[in-house]
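2 protein chains.
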Amino acid sequence: MNSSNYVSTAWNTPFIAQRADPYILHEGDSFYFTASVPAYDRIVLRKADTLEGLRNAPEKEIWHRHASGVMSWHIWAPEIHYLQGKWYIYFAAGERDDVWEIRPWVLVCEGQDPLNDPWREAGKVQCADPFTFVDFSLDMTVFETGGSLYCVWAEKVSVGKKISNLYIARMKDPLTLETPQMLLTTPSYAWERHGFWVNEGPAFLEGEDRVFLTFSASDTGPAYCMGLLWAEKDADLMDISAWHKLNHPVFQTDEAKGLYGPGHNSFFTDEEGKTCMAYHARPYDEILGDPLYDPNRHCYIMDVQWKDGMPVLDYMNQRFQ
Amino acid sequence: MNSSNYVSTAWNTPFIAQRADPYILHEGDSFYFTASVPAYDRIVLRKADTLEGLRNAPEKEIWHRHASGVMSWHIWAPEIHYLQGKWYIYFAAGERDDVWEIRPWVLVCEGQDPLNDPWREAGKVQCADPFTFVDFSLDMTVFETGGSLYCVWAEKVSVGKKISNLYIARMKDPLTLETPQMLLTTPSYAWERHGFWVNEGPAFLEGEDRVFLTFSASDTGPAYCMGLLWAEKDADLMDISAWHKLNHPVFQTDEAKGLYGPGHNSFFTDEEGKTCMAYHARPYDEILGDPLYDPNRHCYIMDVQWKDGMPVLDYMNQRFQ
Numbered sequence: 409m410n411s412s413n414y415v416s417t418a419w420n421t422p423f424i425a426q427r428a429d430p431y432i433l434h435e436g437d438s439f440y441f442t443a444s445v446p447a448y449d450r451i452v453l454r455k456a457d458t459l460e461g462l463r464n465a466p467e468k469e470i471w472h473r474h475a476s477g478v479m480s481w482h483i484w485a486p487e488i489h490y491l492q493g494k495w496y497i498y499f500a501a502g503e504r505d506d507v508w509e510i511r512p513w514v515l516v517c518e519g520q521d522p523l524n525d526p527w528r529e530a531g532k533v534q535c536a537d538p539f540t541f542v543d544f545s546l547d548m549t550v551f552e553t554g555g556s557l558y559c560v561w562a563e564k565v566s567v568g569k570k571i572s573n574l575y576i577a578r579m580k581d582p583l584t585l586e587t588p589q590m591l592l593t594t595p596s597y598a599w600e601r602h603g604f605w606v607n608e609g610p611a612f613l614e615g616e617d618r619v620f621l622t623f624s625a626s627d628t629g630p631a632y633c634m635g636l637l638w639a640e641k642d643a644d645l646m647d648i649s650a651w652h653k654l655n656h657p658v659f660q661t662d663e664a665k666g667l668y669g670p671g672h673n674s675f676f677t678d679e680e681g682k683t684c685m686a687y688h689a690r691p692y693d694e695i696l697g698d699p700l701y702d703p704n705r706h707c708y709i710m711d712v713q714w715k716d717g718m719p720v721l722d723y724m725n726q727r728f729q
Numbered sequence: 409m410n411s412s413n414y415v416s417t418a419w420n421t422p423f424i425a426q427r428a429d430p431y432i433l434h435e436g437d438s439f440y441f442t443a444s445v446p447a448y449d450r451i452v453l454r455k456a457d458t459l460e461g462l463r464n465a466p467e468k469e470i471w472h473r474h475a476s477g478v479m480s481w482h483i484w485a486p487e488i489h490y491l492q493g494k495w496y497i498y499f500a501a502g503e504r505d506d507v508w509e510i511r512p513w514v515l516v517c518e519g520q521d522p523l524n525d526p527w528r529e530a531g532k533v534q535c536a537d538p539f540t541f542v543d544f545s546l547d548m549t550v551f552e553t554g555g556s557l558y559c560v561w562a563e564k565v566s567v568g569k570k571i572s573n574l575y576i577a578r579m580k581d582p583l584t585l586e587t588p589q590m591l592l593t594t595p596s597y598a599w600e601r602h603g604f605w606v607n608e609g610p611a612f613l614e615g616e617d618r619v620f621l622t623f624s625a626s627d628t629g630p631a632y633c634m635g636l637l638w639a640e641k642d643a644d645l646m647d648i649s650a651w652h653k654l655n656h657p658v659f660q661t662d663e664a665k666g667l668y669g670p671g672h673n674s675f676f677t678d679e680e681g682k683t684c685m686a687y688h689a690r691p692y693d694e695i696l697g698d699p700l701y702d703p704n705r706h707c708y709i710m711d712v713q714w715k716d717g718m719p720v721l722d723y724m725n726q727r728f729q
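Chains as they are written, first to last, in the numbering used here: chain Y, 409 to 729; chain F, 409 to 729.
By construction, these hints were calculated from the structure, which means they are not laboratory data.
Please read all numbers here as calculations on a predicted model, not as lab measurements.
Quick reminder that beta carbons are idealized off the backbone N, C-alpha and C, glycines included.
Check the hints yourself; a few may be wrong.
Interface residues of chain Y toward chain F, partial, derived using beta-carbon atoms under 10 Å [said to hold, decoys possible]:
{"no.": "1", "residue": "Lys494"}
{"no.": "2", "residue": "Gly519"}
{"no.": "3", "residue": "Val565"}
{"no.": "4", "residue": "Leu591"}
{"no.": "5", "residue": "Pro595"}
Next comes chain Y alone, as it looks inside the complex (with noise of 0.2 Å):
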């Protein structure tokens, strides 16, 4: 370990170690994983039956950077979804000549078969403004709810030391977005300030009555923490009236459990369809170096309780010890 605090307790013993922004897929009888590997230099998937099976499937590695240009350096972020009727994965990528010429890239999966069917790079998901994807933008996400398809990414704004915000956009289709960008959430509080001024990673979850975006604040450290917004299902999603942004963090550092800078989340179903979350925290808060080159993110799995119609993220639920 990269640290001379990490102190080994019931909770941090990870449910896949040294994968960072864990994306879990639960599509027919299968689950999917994928996330960033230490190296920022790959996309990786892994299937299994069960969820539990994640742990120890096997590990394939279904593109690789370029050798320069774009999508060349700091590979992160994957995400996989079944959409339409097809296999795409969202991910980030910067150049290796600019490596924080970092923008959202697409692939398609050429056939069914995600883990065993070629990949082919289909660019960015074309925008319909002159604000979108310009500077530093990452962290694609994409889900359905109400008849439409939405995506929701980060993308940094001003100059010099720069901010990272939330958008989020009706999609035409997988590749395409139909609207202008509209800007959901930007860091405003102490807790979405720590280091850097970041709004990152959404996550999509559907409730009874309600939808949610987590998102990731601060800086990578063990500031970082999660953020919630909320609207009601049958609001117009593309009204920024119809989200509520909470004021203070959902999920955060727990030093007695030894858990550091929780974050970068995603939500599946379990077997029985009880809602989860993936997401990744280190078990020690002393980092030597840059804390983005530090390889011990490590994937924990939680149950996601539900309270007044709200979700709840709490270390005691967490799986997989």
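Since the structure of chain Y is provided, determine the placement of chain F on it from the hints.
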């Protein structure tokens, strides 16, 4: 008139002609008026014993643009405030060699007579984060409420074609921001995105139980209109969740009345303590050339009505026809 379609109506006779971004202050027993002049080269001030007296009060130039460097071009939207025993003017200015390098600046009066005492340049308001006044920024207003002083201004973000947002910060004193910026509003609706994506020209208004900020939206032609934010008076105004934005404009072009692109307003009270609004509009919509250099944005005045605790802005309440 620079137009083919000017029609005189009962409503479009100016209160004061060719003065845009009108700012009226009722302080003590006097009324003060300042505004942008068509040449954008100076700051002017009028004083009168009555509101109507401003109409024909002599206009004094109290400051002139520099020959070069900062504060040498596009002298825009001055506001005069009497704060903590001193007179201040907040205004925006560009540079002759870089005319869009617009930033907010401050003048402080060295005495108690703002028309006759000398004004000193006090530089910029000092900010408390690395994101403030780093890009095209203007339309600074200040207000005191609940025992605190606040600053609201417009600033652009993004690259290439930019987006103008409104930000708020609490102030330590009239020359110093105490807190980092908080984003108040960004253009999210079609009525804020005509031509350019713009929120600008904030104006503060205190009601019975609520406080309000109006702002102007879209490009400065006939689509220019006003939106509204409100918060409960006892809320923490530096918590973004306290602010609510209406999803429709509250004041806009009325062709039948011959008033186009109303906005960039200010609120004040008349001799009887009734709330009034000064705003600019054009008496025609077919502008020849760049709307920014069309001189006929005139100052109009109306009574503000109240309904269910919210301000009502209606041309029927126009004064001084």
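Results of checking the hints against the structure:
no.	hint	result
1	Lys494	31 Å, violated
2	Gly519	39 Å, violated
3	Val565	4 Å, holds
4	Leu591	5 Å, holds
5	Pro595	9 Å, holds
Violated hints for the displayed structure, listed by number in ascending order: 1 and 2.
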